[in-house]
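Peer 1: Listed here are the chains, written in short residue letters.
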Amino acid sequence: MTKKGNDRSVPPVPEEAPSGAGGLRAWLESDAPTSAFQARCVRAWLTWLKFSSNPLAVTGLLIIVALVLVAVFAPLLMTHDPLAQNLSDRLLPPGEKGHLLGTDGLGRDIYSRVIAGSRITLYIVGLVTITAPLFGLLVGTVSGYFGGWVDIVLMRITDIILAFPKLILALAFVAALGPGIGNAILAIAITSWPPYARIARAETLTVRNADYIMASRLQGASDARIVLAHIVPMCVSSVIVRVTLDMAGIILTAAGLGFLGLGAQPPTPEWGAMIAEGRKFLLDQWWVATMPGIAIFLVSLGFNLLGDGLRDALDPRSGQA
Amino acid sequence: MTAADTPAIAVKDLSVVFGQGREAFQAVRGVSFQVREGETYGLVGESGSGKSTVLRAITGLAPVTGGRMEIFGQPLGHDRDAAFCRTVQMVFQDPYASLHPRRTIDATLSEPLIIHGIGDRQERAERVLKALADVGLGPEFRFRYPHQLSGGQRQRVAIARALMLEPKIVLLDEPTSALDVSIQAEVLNLLKRLKDEHGLTYVLVSHNLAVIAHMCERLAVMQHGRFVEEMTVEQLRAGTPREEYTRNLLDAARGYDREKAARFAAMEALEEE
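Chains as they are written, first to last, in the working numbering: chain A, 4 to 324; chain B, 814 to 1086.
Incorrect hints may appear among the rest.
Said to hold, decoys possible - Just some of the chain A residues that point at chain B, by a computed CB distance under 10 Å: (1) S38; (2) Q41; (3) A213; (4) D214; (5) L221; (6) A232.
Derived by calculation from the structure, the hints in this document are not laboratory data. Quick caveat, the model's predicted, so the values are computed rather than measured. Using N, Cα and C, we set each Cβ at its ideal position, and we do this for glycine too.
Let the hints inform the model, and build the full structure from the sequences given.
Peer 2: And the structure:
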């Protein structure tokens, strides 16, 4: 696409999105989009093509999609009430008496509890993702863009939070706020934003003196407009990648808090808390702790693979995306 | 001085210093010049001679440490206001760096209109299409991203963006140096046409004397942040500069030879002392 003449010969694309599958594909791969919406779709499609050519990334995505589906359809998938105790059926091995993955120390169905736990995991992950990265992004871009004392103050605060071991700081917060899932999420969010602020600041420093920022400043754009409309979009992809890669860590921290008895409280079927309960029977009744462990492992793996794939697909330096 | 005589740009004793203390670097030292309305004024010089910095100082993007600048008789303070943005715009050197990579051409071109509250959605769309047509790009470019465009096309978009607010003065910072030779002429002729159509005043920075000779009426030669001499394009074409440095620059532009290069280097060495 180097000569103007070649581009001129592209046939006009119809205004409406054609209904057929072939038509949709042509619409998505159009060289000359006719609306901002189509331009965004074309771009998302190209990113998807790049993403989907990586089998590991797709595996990760499938695991996450499966997690979401399981969480959505949990009531249909559960065979037992995850909270119902039956002491005569305690610690049954997998497969016995209709308990697919066996029962735990109080005779509760482990399969149903793992399924119910997916909702809690998703809840934690969801809330942390919409709080910590947004806050980090804002702190980082503002700090990087304005520089000077704003930068110094914001970055020193970031450094202070970053200097604490994450789990210990989260423990301190939960201990102060009281145990419970809501406070666990808050504690995780408070401890996990600094890396995003660092990334966003680093990205901001590389683009803040770019000609296109100068050009929009020369057009009279306010600082708020430059940060939100010009700089944030340049930082978003690296933050998204980092968030996805951190997701495993967030799940593990949540599970860790649950394991230590500071996250979800019994009888909530949270995976970390379930492992903690199963610890007592680990040698003789291995399935009690192992089943939720496998669930944590799978979901963490899924997020890591997804993050790796996203990094390749969204890399802001690859020019295309 | 009557209103008609008021120069479009008047710069007096401008100096620009980057950095502080021991690391301070004086990029521009006491430069003065005036640009008449409707004129194309050229700034030539080798790399690092401070010619681009003069433009950036006018737009407020470089740290001005001394001197006065006036636009149509209005003195420029420290900050540039909305009225300034609607009078003076700039086209940057590298079209690969001057367009936001994640925004469509439409978003880039309509942004100045949104900032200045000009028109509703419909009007903005019309003006974007008109601006594209003005620089010789079809409507199919409207929703493309910069990476889908060639260098020449990007520079056309950058020129269209500079003209969105209908400024009177456009500062051109080496607008063709990043482009292929074949595209350079196209863009220069486009700039000439737009100047006639919109009644613009240009300040053109370039290290290419041929470009300056093609575009400008008057020019100034810069070296080490100072004006070496100011001359008309006729003097340039006739090859009758006053100063030794300019003569060497003219010689250098005609082609490379060992003797000239040596003479140039010797002169540089003399300057250093």
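Peer 1: Now tell me, hint by hint, if it's right for this structure.
Peer 2: Hint check:
Contact between S38/A and chain B, as hinted, is supported at the beta carbon level, the nearest pair being about 6 Å apart and thus within 10 Å. With a least beta-carbon distance of about 7 Å to chain B, the hint placing Q41/A at the interface is held under the 10 Å criterion. Proximity of A213/A to chain B holds as hinted, the smallest CB-CB distance being about 6 Å (cut-off 10 Å). With its C-beta approaching chain B no nearer than about 4 Å, D214/A sits inside the 10 Å limit, and its interface hint holds.
Contact between L221/A and chain B, as hinted, is supported at the beta carbon level, the nearest pair being about 6 Å apart and thus within 10 Å. Because the beta carbon of A232/A sits about 8 Å from the nearest beta carbon in chain B, less than 10 Å, this interface hint is met.
Of the numbered hints listed earlier, not one is contradicted by the structure.
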